[in-house]
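Sequence lines, in order, name chains A and B. For the first sequence, this note's numbering gives the first residue as 1, with consecutive numbering after it. For the second sequence, this note's numbering gives the first residue as 1, with consecutive numbering after it.
Bear in mind the hints are in silico, worked out from the structure with no lab data behind them. A portion of the hints provided could be inaccurate.
Unchecked claim - Below, in silico cross-link-like pairs of lysine-lysine (PhoX-like), each with a Cα-Cα straight-line distance of 20 Å or less:
#	chain 1	residue 1	chain 2	residue 2
1	A	Lys67	A	Lys9
2	B	Lys83	A	Lys227
3	A	Lys138	B	Lys27
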Amino acid sequence: MSEEIAKVKVTIDGITVEVEPGTSILNAARQIGGDIVPPAMCYYSKLEGSGGKCRTCLVKVSKGSEKDPRPMPKLVASCRTTVMDGMEVENITSPEVIEARKGIVEMLLINHPLDCPVCDQAGECDLQNLAYEHGAEKTRYEFERRTFDRIDIGDKVQLHMNRCILCYRCTYVADQITDNRVHGILGRGDASEISTYIEKAIDNDFSGNVIDVCPVGALTDKTFRFKNRVWFTKPVDAHRNCPTCSGKVTLWYKGEEVLRVTARKDQFGEVEEFICNTCRYDTKKTNDWIIEGPTHIDHTSVISSNHYEMAKPLPVIQKDQLLIEANKVEFDRATKI
Amino acid sequence: MNFWERLYLPAIFQGMGITFKHMFKKKETVFYPEVEREFSENWRGMHSLKRDEQGRERCTACGLCALSCPAEAITMIAAERQKGEENLYREEKYAAVYEINMLRCIFCGLCEEACPKEAIYLDGPIVPSDYLRKDFIYGKDKLVEEPLKS
Numbered sequence: 001m002s003e004e005i006a007k008v009k010v011t012i013d014g015i016t017v018e019v020e021p022g023t024s025i026l027n028a029a030r031q032i033g034g035d036i037v038p039p040a041m042c043y044y045s046k047l048e049g050s051g052g053k054c055r056t057c058l059v060k061v062s063k064g065s066e067k068d069p070r071p072m073p074k075l076v077a078s079c080r081t082t083v084m085d086g087m088e089v090e091n092i093t094s095p096e097v098i099e100a101r102k103g104i105v106e107m108l109l110i111n112h113p114l115d116c117p118v119c120d121q122a123g124e125c126d127l128q129n130l131a132y133e134h135g136a137e138k139t140r141y142e143f144e145r146r147t148f149d150r151i152d153i154g155d156k157v158q159l160h161m162n163r164c165i166l167c168y169r170c171t172y173v174a175d176q177i178t179d180n181r182v183h184g185i186l187g188r189g190d191a192s193e194i195s196t197y198i199e200k201a202i203d204n205d206f207s208g209n210v211i212d213v214c215p216v217g218a219l220t221d222k223t224f225r226f227k228n229r230v231w232f233t234k235p236v237d238a239h240r241n242c243p244t245c246s247g248k249v250t251l252w253y254k255g256e257e258v259l260r261v262t263a264r265k266d267q268f269g270e271v272e273e274f275i276c277n278t279c280r281y282d283t284k285k286t287n288d289w290i291i292e293g294p295t296h297i298d299h300t301s302v303i304s305s306n307h308y309e310m311a312k313p314l315p316v317i318q319k320d321q322l323l324i325e326a327n328k329v330e331f332d333r334a335t336k337i
Numbered sequence: 001m002n003f004w005e006r007l008y009l010p011a012i013f014q015g016m017g018i019t020f021k022h023m024f025k026k027k028e029t030v031f032y033p034e035v036e037r038e039f040s041e042n043w044r045g046m047h048s049l050k051r052d053e054q055g056r057e058r059c060t061a062c063g064l065c066a067l068s069c070p071a072e073a074i075t076m077i078a079a080e081r082q083k084g085e086e087n088l089y090r091e092e093k094y095a096a097v098y099e100i101n102m103l104r105c106i107f108c109g110l111c112e113e114a115c116p117k118e119a120i121y122l123d124g125p126i127v128p129s130d131y132l133r134k135d136f137i138y139g140k141d142k143l144v145e146e147p148l149k150s
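Only chain B is shown next, with the shape it has when bound in the complex (with noise of 0.2 Å):
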């Protein structure tokens, strides 16, 4: 090492240099949550429980999702249909009780393969954080699509 080297000035001016050129570029970060990045096309986020053309919850509690969970996130009470209630249910059995442990979800997205009543999709946005371990546990009031408005 000469004198110039053992100084280490130019280094540091030189680094510091790279550092003041950065403030000018574009910037990279996006402020979260008031930004959204655009997801990709195949996106896995919060699940939405769908409902048919007319309006009627499609899924009729046959567990397939629950089954396919590898993280056993998925509980659900099924009740019967009652009568009057055909504009609500599309099939005579119906979940009373829907419940996803978003704390257990690892949104492979097993349980949207699974659904033969194409029911559960994963096209929400990230699960939002909360501070109970029981906020956590979606049941259908946050999982159910929004009626159909006529």
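For reference, chain A alone in the conformation it holds in the complex (with noise of 0.2 Å):
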């Protein structure tokens, strides 16, 4: 230890944390966890510069630092404002910030054609959480929405770019993850939409994490296009020996079937890991995979939804001979499993 880096303290909605200086209000507040960490669409931890385009994870900054305990005097965006030592921030606590973020939300739905009962993101799109949460039920307006003709990126990515809200993280994959980029924004404000060049086809190997880190439905997986709802699938934790990522997935079944392959993502809904497009598209097979168990997913979620995580039979069925007997199909489950 050469020097002991001094932690600052920052508060956020009455709650103290300390975090190493340097960190945005943002990961502060991830930090504790729960209900006062600022929903986020454009930032993501794993992409280098992502954030302060969406504006949700707006917070109200009370207090500037201990030196300075002015407060800041407009909303500042948490993913990119960084923390001070004696920082007192609000987010649910304050009425200001939720109303902002409401504005937001409808915002951010001005050109969304709101067609959730199309779209295969439907179920675990962070817009529809965000509009749950904070949105109003019924727009304001009246004006006819921007459309565009639905793009094949390659014959694995559809992107929709009705749907997307501009929040650049494909295009920071793109950047950052493959090499070669081929797609970006093109145009400036309301007429700029995602493409590539020429509909260039994107054959990188990991090109499709891009569907993972799209918080709407734009970029899809053309695999798993209207093959099922979200919800009706069972997400599964599995690995495979992959040469060229870590291997590590969810793989989400209907019946015995492998629909889609997913990286696995944490509860913030960013992708813990990112994989290749060989686990992503071309083995959906059980056999290819080794089956670690049922996903956790969050009780509020409309995908748990007849989800058990529990493939083992409760420790006292396992004692008694009798039951053992009984509940011998659930044994078989959970062996196979």
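Each of the two chains sits in its own frame; use the hints to bring them together as a complex.
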């Protein structure tokens, strides 16, 4: 230890936490966890430079720091503001922030087609959750929404520009995870859109990750298109020996069939480890994988309906010979998984 | 009990009299299925999948009816609308297979409430009886409304 880095103290909604200097307010809040974590649509901890675009993570800084206790004049984006020693932040305790967030959701939804019944992302969509928690019931927008045609980026990824909220996450993935970036944002302001140069196919090994990072249904898996609704499939953690990536994935089962493969996501909806296209598209048989067990799904998620994490029979059953006989079917199932 | 009461005859005749009186009263029984009683306005009967003004199927196979169904009676398989089928299906996704198991259905009407596309309504008659279990799984042939006559 050459020098001790002094940790800074920050209070978010009355909860104090000590973090490294240079941490953003959002990450400090994530260290506390729970309800006080601001929602984030564009910020992605694994992607450098992301954040600051969607404004959903706005918080109120009621005390700048110990040395300068004046509050910040405006609401600040918590993903881009670093903490100061003695800073006091209000997130859900401030009605101003709640009101602002409601406005932001309305803004994000202005051009959104609201085609959730058709969209494959519905059920695991960040925008859907955000709008459910913070949004208004009705839109006040009466003008025509901007529309684009569907674009196939390669044969595996489909882009619905209508649904895009321009979070730029996918372009960061293309920039940082894959080499030879082939897509970006064209146009400016209201006219901007995600596009490839002359719809050039993405053929990089890690290009499929744009599907996972997309917070809405703009980039979707073409091999899963309209196959099933997310909440009817059962997520199961599995891994395989993959030469290019970590091989740790979530398999989405319907019956005995693997409908799709995604990377594992943490509690903030972020990918734990990026996976390669071979794992995502080409290995969709149970034999390809070593299954670890059912994925933990938050009970507030629609995917948790009819989802059982306990494949194992209860310990009380395992001891009694009579009960073992009676629950033979469950035991067989548990050993199969 | 006196002698007359012990005879029981007056009581028997009294009872017979009541029975006889009913023969001339208006019958309350309805001879279903020849005669059908009028349903109340909020009656929930057999499901029907609706079409829109242009005769296209409204259902987009979003699965919310199946999700809300407490009896898990509804299953569906979605398919993508092809070019040239725009006059058949309203959205780009439609239900290729839509099945309701009428034996499981409890006619609670939650599917009707959940539907975001106003595609399913429980406005039909009583589900008819049948002999085989498999005949109670109603597919799209029985559920979808008749196409519009132009």
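Hint check:
1. At roughly 13 Å between alpha-carbon atoms, A/Lys67 and A/Lys9 fall within 20 Å of each other, so this suggested pair holds.
2. With a C-alpha separation of about 19 Å, the suggested pairing of B/Lys83 with A/Lys227 holds against the 20 Å cut-off.
3. Annotation: proposed proximity of A/Lys138 to B/Lys27 is violated, straight-line Cα distance about 53 Å (limit 20 Å).
Hint 3 from the earlier list is the only one contradicted by this structure; the remaining hints agree with it.
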